[in-house]
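Protein chains in written order, with the numbering used here: chain A, 35 to 146; chain B, -15 to 96.
Take the hints with a grain of salt, since some may be wrong.
What the hints assert, rightly or not - Short, incomplete list of chain A residues facing chain B, as computed with Cβ under 7 Å:
{"no.": "1", "residue": "C46"}
{"no.": "2", "residue": "A47"}
{"no.": "3", "residue": "Q76"}
{"no.": "4", "residue": "Y80"}
{"no.": "5", "residue": "G84"}
{"no.": "6", "residue": "P127"}
{"no.": "7", "residue": "G130"}
{"no.": "8", "residue": "A131"}
{"no.": "9", "residue": "Q132"}
{"no.": "10", "residue": "F136"}
{"no.": "11", "residue": "Q138"}
{"no.": "12", "residue": "T143"}
Keep in mind that the hints were calculated from the coordinates and are not lab data.
Even glycine gets a Cβ: it sits at the ideal position worked out from N, Cα and C.
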Amino acid sequence: DAKTTQPPSMDCAEGRAANLPCNHSTISGNEYVYWYRQIHSQGPQYIIHGLKNNETNEMASLIITEDRKSSTLILPHATLRDTAVYYCIVRVPIQGAQKLVFGQGTRLTINP
Amino acid sequence: DTEVTQTPKHLVMGMTNKKSLKCEQHMGHRAMYWYKQKAKKPPELMFVYSYEKLSINESVPSRFSPECPNSSLLNLHLHALQPEDSALYLCASSSHTSNEQFFGPGTRLTVL
């Protein structure tokens, strides 16, 4: 299964954009990049996913490089509630379900 | 209802006990998952059920026994666990048409 590499921690000022990088150099052509976050003592929460193209939703934007070997999650206006562990994940296609291979995660701290 | 519920929230058991973890969802999802998460580590996939049939067992020891009695319920039966099995056990579900896994809040298990 493809592996992802993330920095262990990052800081960002409240109101600024938080840019979280992820390397996934062994990703296969049919494997999606997913991002989830986990706030302390809660289950992971879905943020966004993509295959080749850049994606945007109400929570974040996902920028995937053309060679698909890396991506960046962007939280455009970080708030204190965005403090969490952010996981970059490769979704492996399996019949009838999804297999999520979690990276080690980046602990993002938003500072006032 | 977009919620995955897990009971109990906390469980303490001895190495000779038999206990069960329960997971429930009423979103009509036909894929359900068990993950194990050790402190400060990412979730690791244990089992995947698709249409109530076990489709993936990630080489989990037999002291963990999953069961999917119907499309809304997923159990994890525990027997003769070791202290190193202490962890947060997360349940998740997904539909075959959506891109998102919904996670429950987890059961925090302590084995004495």
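Evaluated hints:
Violation of the interface hint for A/C46 is found here, the shortest Cβ-Cβ separation to chain B being roughly 21 Å, above the 7 Å cut-off. With 7 Å as the threshold, the beta carbon of A/A47 stays out of range of chain B, its nearest partner Cβ sitting at about 25 Å, so the hint is violated. The restraint placing A/Q76 at the interface with chain B holds, with a minimum CB-CB distance near 6 Å, inside the 7 Å limit. Interface hint at A/Y80: satisfied, since its Cβ lies 4 Å from the closest Cβ of chain B, which is below the 7 Å cut-off.
Given the 7 Å rule on beta carbons, the hint for A/G84 is violated: about 10 Å separates it from the nearest Cβ of chain B. At about 12 Å, the closest approach between the beta carbon of A/P127 and any beta carbon in chain B exceeds 7 Å, and the interface hint on this residue is violated. Checking A/G130 against chain B by beta carbon gives a least distance of about 4 Å; that is within 7 Å, so the hint holds. Hint status for A/A131: holds, given a least beta-carbon distance of 4 Å to chain B, under 7 Å.
Against a cut-off of 7 Å between C-beta atoms, the interface hint on A/Q132 holds, since the closest Cβ of chain B lies about 6 Å away. At a threshold of 7 Å, the smallest CB-CB gap from A/F136 to chain B is about 4 Å, leaving the interface hint in force. The closest approach between the C-beta of A/Q138 and any C-beta of chain B is roughly 6 Å, which is under the 7 Å cut-off, so the hint is satisfied. Checking A/T143 against chain B by beta carbon gives a least distance of about 15 Å; that is not within 7 Å, so the hint is violated.
Checked against the numbered hints given earlier, the structure breaks hints 1, 2, 5, 6, 12 and satisfies all the rest.
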